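Student: Residue 296, in the working numbering, is where the sequence shown stops; the numbers in between run on with no holes.
These are computed hints drawn from the structure, not numbers from a lab.
Please read these numbers as outputs of a predicted model, since none were measured by experiment.
A few of these clues could be false.
Claimed, not checked - No farther apart than 25 Å at their CA atoms in a straight line, the calculated lysine-lysine pairs in the DSS-like style are these:
(1) Lys22 with Lys102
(2) Lys2 with Lys85
(3) Lys142 with Lys122
(4) Lys202 with Lys142
(5) Lys185 with Lys142
(6) Lys180 with Lys166
(7) Lys261 with Lys251
(8) Lys102 with Lys294
(9) Lys261 with Lys22
(10) Lys113 with Lys273
(11) Lys239 with Lys96
(12) Lys166 with Lys45
(13) Lys2 with Lys102
(14) Lys22 with Lys2
(15) Lys140 with Lys202
(16) Lys166 with Lys202
(17) Lys85 with Lys294
Said to hold, decoys possible - Label-pair ranges, simulated between beta-carbon atoms:
(18) Gly230 with Lys294: 33 to 39 Å
(19) Pro53 with Glu213: 36 to 42 Å
(20) Pro118 with Glu66: 41 to 47 Å
(21) Asp244 with Leu77: 27 to 33 Å
The beta-carbon is built from N, C-alpha and C at its ideal position, and this holds for glycine as well.
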Amino acid sequence: MKYDLIIIGMGPGGIAAAIYAKRSNLNVLCLESSMPGGILNFIDKIDNYPGLPEITGANFSYRLLEQITALDIPYSLEKVLDISKNDNTFTISTAKNSYETKNIILATGRQAKHLNIPLEEKFLGRGISYCAVCDGAFFKGKDIAVVGGGSSALQEALYLSKTVRKIYLIHRNNHLKADKILIDKVKNTQNIEILYNEEVTKLIGNEYLEQVELKSGQTLDTQGLFIYIGYTPSTSYLKNLDIDIENDYIKTDINHETSIKGIYAIGDIVPKKYYQILSAMNEGMETSLNIAAKLN
Numbered sequence: 001m002k003y004d005l006i007i008i009g010m011g012p013g014g015i016a017a018a019i020y021a022k023r024s025n026l027n028v029l030c031l032e033s034s035m036p037g038g039i040l041n042f043i044d045k046i047d048n049y050p051g052l053p054e055i056t057g058a059n060f061s062y063r064l065l066e067q068i069t070a071l072d073i074p075y076s077l078e079k080v081l082d083i084s085k086n087d088n089t090f091t092i093s094t095a096k097n098s099y100e101t102k103n104i105i106l107a108t109g110r111q112a113k114h115l116n117i118p119l120e121e122k123f124l125g126r127g128i129s130y131c132a133v134c135d136g137a138f139f140k141g142k143d144i145a146v147v148g149g150g151s152s153a154l155q156e157a158l159y160l161s162k163t164v165r166k167i168y169l170i171h172r173n174n175h176l177k178a179d180k181i182l183i184d185k186v187k188n189t190q191n192i193e194i195l196y197n198e199e200v201t202k203l204i205g206n207e208y209l210e211q212v213e214l215k216s217g218q219t220l221d222t223q224g225l226f227i228y229i230g231y232t233p234s235t236s237y238l239k240n241l242d243i244d245i246e247n248d249y250i251k252t253d254i255n256h257e258t259s260i261k262g263i264y265a266i267g268d269i270v271p272k273k274y275y276q277i278l279s280a281m282n283e284g285m286e287t288s289l290n291i292a293a294k295l296n
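Take the sequences, apply the hints, and build the full model.
Tutor: Written as C-alpha cells, this is what we have:
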C-alpha cells in the first residue's frame, strides 16, 4: 500500500498532524518507536496548556491517543531504521516492515543529553535516571541530586521533592533559567538545596551510585542522580538522506518542508526559539494542511 503521508513520531506535533491529515481525507499512517504521546509520558504536570490546567503528561497523552483511535487513524509501534528516496516516493524501513509513501513528516523529537563522564552508563538504572516520573518512586526517603537549571530540571525537582528526603539541585551557572513562578516554587521548597556554579565531575559507587563529586571538590552522598541538561534531536535514522542539518537540527522552510521535497519536519527536531507543546501541534496542523492542499 502506498500512503499519502507517513508521520514518524507520535508526540503532540505528530498526533496533531495525523488528526488534520485524516480530516483532510489523506491516507495516513503513524509510526512510533516507543509509546504514543512521546515526551508527554515523562512529564509530571503540564500547567501552561490552555484549557487543561495541571493535567498530567500521561493523561494528556492518553487523551490524544483516544482521539486518534476514535478517528480510526492507523499507527504502529516500530522503530524507523532508514528512509530512502525513489522517484516521487519514499521507502521507510523498520525492523519489521517497509512502507511506501508520497510524503513524510518527521516528528521524532529530542532525547536527553548525557553528562558524558566515566561510569555514567554503568550507573544508568542503578542510581542515574533521565526521567523522574519513571524512576522517582525508587528513591522515596532518600537523598538525591538533580543536574540542570532550566524548566525541566526545576519541574522534576519539584516532583521529586514530594517523596525524597533531600535534593541537591546542581547548576553550572549562577542563576536558574526558567519562569519566575517555577523558580520561586523551587526556592521555597524546604528540602531542595541549590548549588550554583557547580558541575558533576565524578561518579562514585560499587554496584549502585553512592556519591557524586563536584568540580569544587565537594562530595555529596546521594543514591540518585537525575540529569536534565538539555536535549539533542533524534535524527540518526536520516543518515542515508542528503538532508540539510545545522547544529543537529533539521532546517526547514516556511512550510516546514526540508531540503528534500516531500519530507517535512516539525516540533523539537527543528531549530526555534521556544520548544512548546502548542508550537509543535501548530506546526503539525499547518504541515498536514499544506500537504493536503498539494495533493488535492
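Student: Compare the structure with each hint and give your call.
Tutor: These are the hints, each one checked on the structure:
{"no.": "1", "hint": "Lys22 with Lys102", "result": "holds, 15 Å"}
{"no.": "2", "hint": "Lys2 with Lys85", "result": "holds, 14 Å"}
{"no.": "3", "hint": "Lys142 with Lys122", "result": "holds, 20 Å"}
{"no.": "4", "hint": "Lys202 with Lys142", "result": "holds, 20 Å"}
{"no.": "5", "hint": "Lys185 with Lys142", "result": "holds, 21 Å"}
{"no.": "6", "hint": "Lys180 with Lys166", "result": "holds, 22 Å"}
{"no.": "7", "hint": "Lys261 with Lys251", "result": "holds, 12 Å"}
{"no.": "8", "hint": "Lys102 with Lys294", "result": "holds, 11 Å"}
{"no.": "9", "hint": "Lys261 with Lys22", "result": "holds, 21 Å"}
{"no.": "10", "hint": "Lys113 with Lys273", "result": "holds, 19 Å"}
{"no.": "11", "hint": "Lys239 with Lys96", "result": "holds, 19 Å"}
{"no.": "12", "hint": "Lys166 with Lys45", "result": "holds, 21 Å"}
{"no.": "13", "hint": "Lys2 with Lys102", "result": "holds, 7 Å"}
{"no.": "14", "hint": "Lys22 with Lys2", "result": "holds, 15 Å"}
{"no.": "15", "hint": "Lys140 with Lys202", "result": "holds, 24 Å"}
{"no.": "16", "hint": "Lys166 with Lys202", "result": "holds, 20 Å"}
{"no.": "17", "hint": "Lys85 with Lys294", "result": "holds, 19 Å"}
{"no.": "18", "hint": "Gly230 with Lys294: 33 to 39 Å", "result": "holds, 35 Å"}
{"no.": "19", "hint": "Pro53 with Glu213: 36 to 42 Å", "result": "holds, 41 Å"}
{"no.": "20", "hint": "Pro118 with Glu66: 41 to 47 Å", "result": "holds, 45 Å"}
{"no.": "21", "hint": "Asp244 with Leu77: 27 to 33 Å", "result": "holds, 29 Å"}
Violation of the numbered hints given earlier is absent; every hint is satisfied by the structure.
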